[in-house]
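Numbering-wise, the UniProt record's numbering puts 75 at position 75 of the sequence shown, and it's gapless, one number per residue.
Calculated directly from the structure, the hints in this document are not laboratory data.
One thing to keep in mind: the hints can contain errors.
Unchecked claim - Computed beta-carbon distance windows for the label pairs: (1) 316 <-> 68: 17 to 27 Å; (2) 58 <-> 160: 24 to 34 Å; (3) 110 <-> 67: 12 to 22 Å; (4) 310 <-> 18: 17 to 27 Å; (5) 341 <-> 18: 41 to 51 Å; (6) 110 <-> 88: 15 to 25 Å; (7) 88 <-> 198: 18 to 28 Å; (8) 316 <-> 399: 21 to 31 Å; (9) 120 <-> 50: 57 to 67 Å.
Predicted model only: the values in this text are computed from it and were never measured.
For glycine and all other residues, C-beta sits at the position ideal for the given N, C-alpha and C.
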Amino acid sequence: MAQSGAARWLPVLLVAAQVVVGALAWQSRSWILLAFGELALLVGGTALYGVVRYRDLRDRYRREREVARRLAERRQLADEVHDLVGHELSVIGMRAALLQLRTTGDESVLAGQVRSDAERAVVMLHETVATLHRTPWTDPAEADVAAVIERFRRAGADVHLVGDPDVLTRASVATRVTAHRVVLEALTNSARHAPGDAVTVVVRRADDVVTLEVRTHGSGDPSPAVDRDDRRGGGLESLRRRVQAIGGTWQVDTGADGHRVVARLPVRATLEPEPEVASGAAPETSRARRPFVALVGPLVLPAVLVLLGGAAYWAWASHDATVEPVDAVAVRVGMPAAEAAEHLPVREAPVRLARAPGPGPGWECRQYTDGNVPLAMATLEVCTDGGTVVRVTDLSEMPLL
1 MAQSGAARWL
11 PVLLVAAQVV
21 VGALAWQSRS
31 WILLAFGELA
41 LLVGGTALYG
51 VVRYRDLRDR
61 YRREREVARR
71 LAERRQLADE
81 VHDLVGHELS
91 VIGMRAALLQ
101 LRTTGDESVL
111 AGQVRSDAER
121 AVVMLHETVA
131 TLHRTPWTDP
141 AEADVAAVIE
151 RFRRAGADVH
161 LVGDPDVLTR
171 ASVATRVTAH
181 RVVLEALTNS
191 ARHAPGDAVT
201 VVVRRADDVV
211 TLEVRTHGSG
221 DPSPAVDRDD
231 RRGGGLESLR
241 RRVQAIGGTW
251 QVDTGADGHR
261 VVARLPVRAT
271 LEPEPEVASG
281 AAPETSRARR
291 PFVALVGPLV
301 LPAVLVLLGG
311 AAYWAWASHD
321 ATVEPVDAVA
331 VRVGMPAAEA
341 AEHLPVREAP
351 VRLARAPGPG
361 PGWECRQYTD
371 GNVPLAMATL
381 EVCTDGGTVV
391 RVTDLSEMPL
401 L
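All chains should be modelled from the sequences, with the hints used to inform the complete structure.
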């Protein structure tokens, strides 16, 4: 992904800031300034990166949402063209084939030409549908299996219905729509490839499964089971993906006595996106994550790790090295070192950044912390000599290194 101008300049700005912080720390000879400068660079750089990254992701998210919207519109258009126009062309071709069989002479030749033109138009239609990358999830206004069968009968097709399509009335929308498309596509293929052959449509329900079977009694050539449109992602192959997407099963058989399409659909299926892209179709546009979600990985997780690391460091630095305020007040010059040891921790503070006064000859000085966050720096120094406390220094008032 192309970076914005701000993103490209961000590393340069951070390097420049690092140089400035290092120069100031070197000039002042203050390690604490260097430490806090590095911390400020870390926090500020992370925040700046988050802002720049968020803007880039926001723009990318908007672009991909627009692409997805346009692709959905193209698929909806392609679906409607395939299901409505393709059906009408197939009916025209079927009527022309019946007219060709029932007439002779010039009328028969003309009917054959109409049939060929209709079949060629169907092929061109499916090529256009493949170009638009069809989607199967646009619901028809009336997903009525009985109405589809009756329409083919009025067009002259020999279609017999076995069973009751009303078993679909209590099925989910996904099941009704899929059943409608299965019967429509199977009858359309039979009309195109085997005009005049008898077709039987079986609709039955057993428990929570609706079975649809479309049997063509004859030997149309070519068989709908190897429809050329399937290789473009339409036809029966598209129906197979639709049926499997809602949890159903799909079967196509071809024999000497005809061919059969069987779909078994769950009664309570739900609509889901098409699970795969047909061969040769355009790939899906990647689903853009929302900008805030996309920033969780690069920003939130490192921040959590830094906080956990800081907490672990503070627990180690202050453990057995923290002196309570009441104990700090109790330690005074002149008291025995053994008595002072009863008020002091057993371990020195590991972080000692204050500039304490130099010890006297033979003195033993130890520094302790008050548990300050986040570094647990030493804030109290106790020096002893010969078993007696000789100096108690409040390091919080001393300059830092």
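A quick look at each hint next to the structure:
no.: 1; hint: 316 <-> 68: 17 to 27 Å; result: violated (50 Å)
no.: 2; hint: 58 <-> 160: 24 to 34 Å; result: violated (59 Å)
no.: 3; hint: 110 <-> 67: 12 to 22 Å; result: violated (47 Å)
no.: 4; hint: 310 <-> 18: 17 to 27 Å; result: holds (21 Å)
no.: 5; hint: 341 <-> 18: 41 to 51 Å; result: holds (44 Å)
no.: 6; hint: 110 <-> 88: 15 to 25 Å; result: holds (20 Å)
no.: 7; hint: 88 <-> 198: 18 to 28 Å; result: holds (22 Å)
no.: 8; hint: 316 <-> 399: 21 to 31 Å; result: holds (26 Å)
no.: 9; hint: 120 <-> 50: 57 to 67 Å; result: holds (58 Å)
Consistency note: the structure conflicts with the earlier hints numbered 1, 2 and 3.
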